[in-house]
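All chains should be modelled from the sequences, with the hints used to inform the complete structure.
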Amino acid sequence: MPDSNTHHNVDPLDLNLLPHDADGIREYDNPMPFWWSAIFWASFGYALLYAMYFMMGVGPSVQADYQSDMGVFYEEQFAKLGDLQPTPETIRGLMVDPKMMQAATGLFASNCAVCHAKDGGGGTGPNLCDGSYINVKSIGDIYTVISGGVVPRGMPAWEKRFPVPQRVLLAAYVAHFRGTTPAVPKAPQGESIAPWNP
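Sequential numbering of the sequence shown, starting at 12, is according to the numbering used here.
I should point out that these hints are in silico values taken from the structure, not numbers from a laboratory. Among these hints, one or two may not hold up.
[Claimed, not checked] Only pairs whose alpha carbons sit at most 20 Å apart, straight line, appear in this in silico DMTMM-like list of lysine to aspartate or glutamate: (1) Lys110 <-> Asp94; (2) Lys110 <-> Glu86; (3) Lys110 <-> Asp80.
[Claimed, not checked] Computed Cβ-Cβ distance ranges for the label pairs, DEER-style: (4) Glu87 <-> Ala53: 33 to 39 Å; (5) Gly160 <-> Asp80: 28 to 34 Å; (6) Gln200 <-> Gly56: 22 to 28 Å; (7) Asp152 <-> Asp80: 30 to 36 Å; (8) Tyr64 <-> Val162: 39 to 45 Å; (9) Ile145 <-> Val175: 19 to 25 Å; (10) Lys110 <-> Pro167: 23 to 29 Å; (11) Pro163 <-> Ala62: 48 to 54 Å.
Even glycine gets a Cβ: it sits at the ideal position worked out from N, Cα and C.
Rendered as structure tokens:
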């Protein structure tokens, strides 16, 4: 006949202890709470979907998000321009305004730099830094060339793509390149003209 007292001498808490110990400390073999496991696996699944969406081309890239955000920024900057008129005075005023030149940087980089280089040094298009111009005789002509283009030379017309204030700002940005030193300058083309009047 088994001794009933033997069973009562075992601490019921000892039944769930793991067999190993560390410095005399033993741990219980209890399962993780459901809510903890659910959060862990949900986080794992979310991380997997996130990686697939943003890193495997399914969702927008970081660059696309950046361009979108910068587009909103430029729209806000251009809204501050108001009703700019394409006059030489306006263009000269804008080209010495650091904030306006900063606002024009992205516009030039995303639309003009492919032909003229980011620093205006030229590529398939002419160098904008050297004071020699093919179709420009005065600072006001820059706006005319941007608006109407020079189709035989591959320069597109931008009047349907950008409103007047943005074209005026671009003209000022192009004008501000004059006298700067690009990294890889293209040889001068056209005729050298007098400096822009202050």
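Going through the hints against the structure:
1. Lys110 <-> Asp94: holds (17 Å)
2. Lys110 <-> Glu86: holds (14 Å)
3. Lys110 <-> Asp80: holds (18 Å)
4. Glu87 <-> Ala53: 33 to 39 Å: The hinted range 33 to 39 Å holds for Glu87 and Ala53, with Cβ atoms some 38 Å apart.
5. Gly160 <-> Asp80: 28 to 34 Å: Given a distance of about 29 Å, which is inside 28 to 34 Å, the answer is holds.
6. Gln200 <-> Gly56: 22 to 28 Å: violated (59 Å)
7. Asp152 <-> Asp80: 30 to 36 Å: Holds, since Asp152 and Asp80 (Cβ atoms, about 34 Å apart) stay within the stated range.
8. Tyr64 <-> Val162: 39 to 45 Å: holds (42 Å)
9. Ile145 <-> Val175: 19 to 25 Å: holds (23 Å)
10. Lys110 <-> Pro167: 23 to 29 Å: holds (28 Å)
11. Pro163 <-> Ala62: 48 to 54 Å: For Ala62 against Pro163, whose Cβ atoms are near 50 Å apart, the range 48 to 54 Å holds.
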